[in-house]
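Assemble the complex: chain U is given as a structure, and chain S must be docked to it using the hints.
Residue-level listing of the chains:
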Amino acid sequence: MNTNFLTQFMTFQQLLQRDWYLFKQTYVHKLKMALYWVLLSILITKLFLPSMGLQNYAPFVLISSAISYGFFIAMQNAVTMVEDITGNQAILYELSLPIPQWLIFFKFTLSTMLQSLIISLSIIPFGLMLIMDVHAFPDFSYIKFIAIFACSSIFYGSFALIFTSVLKNMHQIDNVWLRIIFPLWYLGCFQFPWKTLYEISPTLAYLDFLNPLTFIMEGGRSATIDSAGSLPFALCCIMILCYAAISCFAGIYSMKKRLDCL
Amino acid sequence: MFQTIFLELNVFLKLLKRDLKIFSNNAIDNYINTMCWVLLSLIVYQFIMPKMGLNFKGDFLLVSCVISKTFFGIMDNVTNIVADLGENKTISYDMTLPISHTLLFIKIAISNAIYTCLLSLLVLPMGKLLLWNYLHFPHFNIIKFFIIIFVSSLFSGFFSLFIISITKSIMHIEDIWSGIIHPLFALGGFNFTWKVMLTVSPFLAYVNLFNPVMYMFEGMRGATLDPTLSLPFWTCITMLILFSVPMGYIGVYLLKKRLDAI
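Chains as they are written, first to last, in the working numbering: chain U, 1 to 262; chain S, 1 to 262.
These are calculated hints, taken from the structure and not from any lab test.
Among the hints, a few may not be true.
[Said to hold, decoys possible] Partial selection, computed: residues in chain S whose CB lies under 7 Å from chain U:
no., residue
1, 11
2, 33
3, 36
4, 37
5, 47
6, 48
7, 51
8, 53
9, 54
10, 178
11, 183
12, 186
We put the CB at the ideal spot given by N, CA and C, even for glycine.
If we strip away everything but chain U, and leave its shape as in the complex, we get (with noise of 0.2 Å):
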């Protein structure tokens, strides 16, 4: 039995240090993609915005994209892999590994989680010297937001699964991008603070404790810029893992019916 154990443990093991060396290969090229997004809505948040009357919003688009990025690492991770489901089924082998099939698919969670998490921490330090203010963050705990950045990365990694067993193929991209994935990032306080929300619609405002990236931007948030006018940090936390525990769960599910898994 122990020598079952250790064998899966090593195929496991060896199913993600392949993919964190096709990561690696990719990593600046991902990091460069994601820098001209952020750091040019940085820019003109910090140079023009002030101007139609929104002052000081650098750091709040800062927080927002870096921690929102993980969110499009999983999509392209989930693209990636609907593509090869549809196409080469790559994932046919991997399946035929000495490994129980759920843990392919939690390979695949893990492997975007580490993805979403050393992007979306990268893309900090160079939003900030863009920024040039010693205060852009001024209520910023480290260990809060290592923590938030690590909850998050769980959430996205957990999520991308959802969304590989939800797009059925690519034609459905647009449908699924925009009826699913800009709703939830756009309403999930990207923009603005959910006590702004409340304070126009408490009902809108409940509504959105339904949306896992309200969590996830408020925590962003209270770890950073706002610790008093977010909500709750270890509420975001919780909420988080719960809404990455149920997103783990319902995907392995729904992958392993999608593929005729054992």
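Below, chain S alone, put in the same frame as chain U:
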């Protein structure tokens, strides 16, 4: 000679008709997606962002959304064509038809322009229907509105040709998004006007005069919002037409080279 011209024109129209049929097959999905996006953007910018201090509301955002659709609308077809050039090359069949290759590539641009025009035409009425009492356009000029959509779509169509010609493979589409499309769009003035840019940074504002997307945004604001906010309408139209020529020319030239066309 007239017979040849007539034949080429006939093939050109038949191919356009085929493309429009494909568009009509996906029209409902496309309009639902557009509506989701417009509705969410309007909710956020009409009700939430003004609370954060932003001094423009849904009307400003809605006209920006029209141009966003005109500009981004081309990317669906760009992705499909780039994927086709890399794999199936169904374009090879079109190239055997009795139509000059230049005209065939111009057909791609026109087809993309019609596609994006049909999508963006409905954005403003959709938004107005959704938030009837909140959106006011006292300076709305319907003729200018149609002209700017038509010219912007035409520019987008020829720009799509340029993008197709420089995108080596589907793997590079993300680079194009991050390196060309997003910077042009974000600096084009989705949420600020050129005059704001001029006040903040005259240098950047003058550099931005080389950004065709800026003329799309400014022209649309000139046609629908207070014309004193934006650059002169007819300057925008002239500049967009001027930008369309090199985009089309370079696009056709590079595509002919890439596909060994005659």
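Original post:
Looking back at the hints listed earlier, which ones does the structure fail to meet?
Top reply: Structure breaks hint 1 only.
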